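Q: Sequence:
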Amino acid sequence: MFSPGRSGRRARRAHGGAQAILPALLIFSGPSSTPVRAFPRVDDAAHAHTHAHTHVHTPAIAPAIAPDLSRRRLLCGLALWPLAAPWRHAVATDAVMHLLVGYAAGGGADHIARLLADSLSADGAITIVENRPGAAGQVALHEAARAAADRQTLLLGTVGSVSISPLIAAAPEPPAAPLQPIAIVASTPHVLLMAGDGRRLREADARAALQARLAEARRRPGELVYASLGVHSSAHLVGELMCHQAGVSMTHVPYPGSARALVDLQGGHVAMLVSTLQAALPLMRQGRVRALAVTGAVRSPLAPSVPTFAEVGVDGMRQDAWYGVLAAPSVSAAQCAALSRRFARLLQDPALRRRLGQDGAEPLGLTGQQAVDYLARQREVWRQAILKVSDRLA
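Just so you know, we're using numbering that gives the first Met the number 0 here: the sequence shown kicks off at 0 and counts up by one.
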């Protein structure tokens, strides 16, 4: 005899099984949001002394199956499960990307990497951001250069690790085969800062303040101190180039981080601080520092009230910092082209471009030959700068 009670219980059990099992078949059918999960990395012997941070950005799991799923569809899905497993494994393996960052978590390069990881996650790729700080970005660069082609290991390259280090005699030897540019993501100018008092510095006041500092440096050669965040960093070279172009001598003091440099700037222990606009912008908005000038041919749209060095009387200051994605030499031309097309599409997304701007970086989105040409121009820009200040770098 037909029993509605038993039939209802069977239907509920079937419906519960469908909700528990069949969503797994659709895990890789496409992302619907961008959740972020973080996992600690277990260091191997090669990185036993490296403080590395690994974060995994995963695509979202598809929404639950509609509650009216029938027993027939459930049985059909279970029958197809063995056929789906190999396909699911292949998609998962191909979708994983490793994005290496040559600097510690929390810095400018790390911020850019995580913005890219969010976008890649939304695009369906599991993206692992791995921090490999050390040797001004060279630890990560050399690891990326050794990566196998099938591991999809990419490097978030910077002006320091890619453009400057190969030109500095004291830097580690570059890899035998160069990395391949995939995309130039964004750039940010350098900015010259002085201690702030909570008020915005007017353009006329910025010019007067910089000229007063330079006049003092001429009266007291080598006595005034300026700070940057590292020896042979792009900010250090910009500081030395400023001194060269202005005909003054100042003492450079490198700092391991912005917090201590900011304290000494506000305490009067250093006269000025050279930084990227990306790092300085939050402090400028808070009034903790005042910007005197930025590098570049024109003013930055991120800080339109800050004059260029040329506007305040120091010519030849057009050196910007940049961030780009590069692939190992072992990656095929076809793979590089596919990656370039993917990043070109992602870097046109208004949401990503807005987030880059909020982070203090000007979106570029250069791929293919444009990226190759950009890196060639940057190398020449920094080569010329280093030639001018080489005696100051000893």
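FYI, nobody ran anything at the bench for these hints, they're computed from the structure.
Everything numeric in this text was worked out from a predicted model, so none of it was measured.
Treat the hints with care, as some may be off.
[Unchecked claim] Computed spacing ranges between beta-carbons, pair by pair:
(1) G221 with A350: 30 to 36 Å
(2) P281 with A211: 25 to 31 Å
(3) G221 with P349: 45 to 51 Å
(4) D196 with G123: 47 to 53 Å
Beta carbons: idealized from backbone N, C-alpha and C, even for Gly.
Q: For every hint, state whether the structure bears it out.
A: Now for the hints, and whether the structure bears them out:
no.	hint	in the structure
1	G221 with A350: 30 to 36 Å	violated (49 Å)
2	P281 with A211: 25 to 31 Å	holds (26 Å)
3	G221 with P349: 45 to 51 Å	holds (49 Å)
4	D196 with G123: 47 to 53 Å	holds (49 Å)
Going down the numbered hints, you'll see the structure goes against just number 1.
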